[in-house]
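Colleague: One line per chain: the protein sequences are A and B, in this order. Under numbering that gives the first Met the number 0, read the first sequence as residues 0 to 343, first letter to last. Under numbering that gives the first Met the number 0, read the second sequence as residues 0 to 343, first letter to last.
What the hints contain is simulated information worked out from the structure, not anything from laboratory work. Any given hint might turn out to be false.
Put simply, identical chains are the same to the list, so a pair is met inside one copy or across any two.
Here are the simulated DSS-like pairs of lysine-lysine, each with C-alpha atoms no more than 30 Å apart in a straight line [claimed, not checked]:
| no. | residue 1 | residue 2 |
| --- | --- | --- |
| 1 | Lys39 | Lys223 |
| 2 | Lys226 | Lys257 |
| 3 | Lys101 | Lys331 |
| 4 | Lys257 | Lys318 |
| 5 | Lys18 | Lys337 |
| 6 | Lys29 | Lys337 |
| 7 | Lys257 | Lys331 |
| 8 | Lys139 | Lys29 |
| 9 | Lys226 | Lys318 |
| 10 | Lys29 | Lys318 |
| 11 | Lys117 | Lys223 |
Protein chains: 2
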Amino acid sequence: MVNAVEWKEGAVRLLDQTKLPTEVVFVDCKDVETVAKGIKDLWVRGAPAIGITAAYGIALAAMKISAKSFDDFYKQLLPSCDLLAATRPTAVNLFWAIERIKETAQAHRTEPPDALKKILLEEAHAILREDIAMNRAIGKFGAALIQKGSGVLTHCNAGALATGGYGTALGVIRSAWEVDKKIAVFADETRPVLQGARLTAWELAQDQIPVTLITDNMAGFFMKQGKIQCCVVGADRIAANGDTANKIGTYSVAILAKEHGIPFYVAAPSSTIDFNIASGDQIPIEERNHTEVTHMGGKQIAASGISIANPAFDVTPAKYITAIITDKGAFKPEELIKLKISRA
Amino acid sequence: MVNAVEWKEGAVRLLDQTKLPTEVVFVDCKDVETVAKGIKDLWVRGAPAIGITAAYGIALAAMKISAKSFDDFYKQLLPSCDLLAATRPTAVNLFWAIERIKETAQAHRTEPPDALKKILLEEAHAILREDIAMNRAIGKFGAALIQKGSGVLTHCNAGALATGGYGTALGVIRSAWEVDKKIAVFADETRPVLQGARLTAWELAQDQIPVTLITDNMAGFFMKQGKIQCCVVGADRIAANGDTANKIGTYSVAILAKEHGIPFYVAAPSSTIDFNIASGDQIPIEERNHTEVTHMGGKQIAASGISIANPAFDVTPAKYITAIITDKGAFKPEELIKLKISRA
């Protein structure tokens, strides 16, 4: 399995996912500006992978600072944190990872800057390792919910490519496959950026897990035909009440699932839950470049002289979510509060 | 307004809609085989336009027959009818138009073949003229149902390009616009063939009707935002109970509309109703070439080594349909039987 993000010889190595599935290209980011560009331009995407990338990006920026005092070091580090925080507004993991690195720096303020640089890099490594471990836990809890022989619909890519490895929604699918549940996966292609067609289908094909690619508007058809027994998606941010921001189209999938009596699961590390916001209404939705809708591979596919909308995410209200599968177990949306108590 | 299909100097002139919106190319089909290819390869699409094209295709085939007797003439005409009938399985207008031309021939069997050729061409012209008149009637009945200032969502292209002119769903939209209802149109791009992005958006832009293009998976998002007050789509075949076959994704739009309490209208000439089938379960669904999903403009956009599904249509059960807007008026699905009685 390729890594979406890793630390490689003093650089942040990103798989340029915009080139998939026809090309597998890695970019070694040697400065934080390139890391920020990589997040913004979707070389790396998926909330957990974005968080890991940002952590490494700060560690990379730290390497270049020549400061004698902590205060001086920290002051020089902050602009890089701000640069990274400004790349994508919706994924909470981005802000969470940046805060964690900043707190790590503060916690070790008595260390000399050169030692601190190593500590920050170690912390980024820890975030990556923990992410993979969390995904394996999510996978185990999720697989228990999936009936043998199920058709499982997923939307976008919440896979190894969206995380440190193994994946969240695809972690559930991988885990179910590994324990021989004999599932069949349906992958929504996920317009406009086609993460389902380009990434999820590619990732599952690499692991020999059977996958059928459909366009987003076919999901209802296959639910009605009885081919889909459950839905599993990732999350970019989950509010305290369970409302979940995820890739545009997730909300529609959840409504279709409800109408067909099919369980709808969200799989995400517990760090995706933002207890600072009471409901999904407070989650900012990123509007992306309109050429993502009007062009494909540089070719114009839509009429000229029209308006375009391109919200990158939508919010699925908690009432449509059967359970949120985390590294701490699967919870009904109204039970998330238990995680807050255990986090405190 | 360009014509999707017309009779031009002894040929069937089709607008090659696969080239839109970047190129406006007409093909003069000089034999029935080219007409059949034009239907199969989607140069012309949309149930009413397919019917008109098939009628002209038979008239064109008739021109080339040199027979002395009616029986001989008719026997030579049948293979062309069969060829055209085999192009697309779902649109009832195709079979309806072919039957109408065959019946016209039978009704004039005492005419010499050369006179009959003119009669068949006149009948094709009549089908085209009647289609436009029906669309204007549909538009008028439909516009009455649309509230001033509404956001109107449409899926695929049921416009001038899908008909003899003016359109069915887009006829309703055009008519509402003409009577100053100040509507704002949302057009689903309609993967995989992008009829919404390429055709509906283009057609409405030509008429200066405001249109916002969205990907199919954004419809729920904009309904939740309160931007969409009703949905209007076309139909490829309507069963006696009101179940409606239309472009893949229509069923999902109908469910989303129901969940948001938004009326969902089907606009179609009454000839689209197939009283020979009791319910939508009996409507065959065409499975189209998988490269429509995996490639765009010749470029591969999906992973290799995976399964693909490409049903071209789905069936929306009558229970999701607020009204079926026909040239005879708007009917609740359970009221369609009135049209059967008036047709008998």
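Colleague: Determine for every hint whether it applies to the structure shown.
Modeller: Each hint, compared with the structure:
1. In this assembly of identical chains, Lys39 and Lys223 lie within 30 Å of each other by CA distance solely across copies; the values are 27 Å between and 38 Å within a copy.
2. Taking identical chains as interchangeable, the C-alpha atoms of Lys226 and Lys257 lie at most 30 Å apart whether they share a chain (15 Å) or sit on different chains (23 Å).
3. Neither within a single protomer nor between protomers do Lys101 and Lys331 lie at most 30 Å apart by alpha-carbon distance, with minima of 32 Å and 62 Å respectively.
4. In this homomeric assembly, Lys257 and Lys318 come within 30 Å of each other (Cα to Cα) both inside a single copy, at 10 Å, and across copies, at 16 Å.
5. For the homomeric pair Lys18 and Lys337, neither the shortest alpha-carbon distance inside one copy (41 Å) nor that between copies (56 Å) is at most 30 Å.
6. Taking identical chains as interchangeable, the C-alpha atoms of Lys29 and Lys337 are never at most 30 Å apart, the minima being 41 Å within one chain and 73 Å between chains.
7. With identical chains, the CA atoms of Lys257 and Lys331 are at most 30 Å apart both within one copy (15 Å) and between copies (25 Å).
8. In this assembly of identical chains, the alpha carbons of Lys139 and Lys29 never lie at most 30 Å apart, being 36 Å within a copy and 64 Å across copies at closest.
9. Taking the shortest Cα distances, Lys226 and Lys318 sit within 30 Å of each other both inside one copy (24 Å) and across copies (22 Å).
10. Taking CA atoms no more than 30 Å apart as the test, Lys29 paired with Lys318 passes in neither setting, with 45 Å inside one copy and 59 Å between copies.
11. For the identical chains of this complex, Lys117 and Lys223 are neighbours neither inside a copy (55 Å) nor across copies (48 Å), given an alpha-carbon limit of 30 Å.
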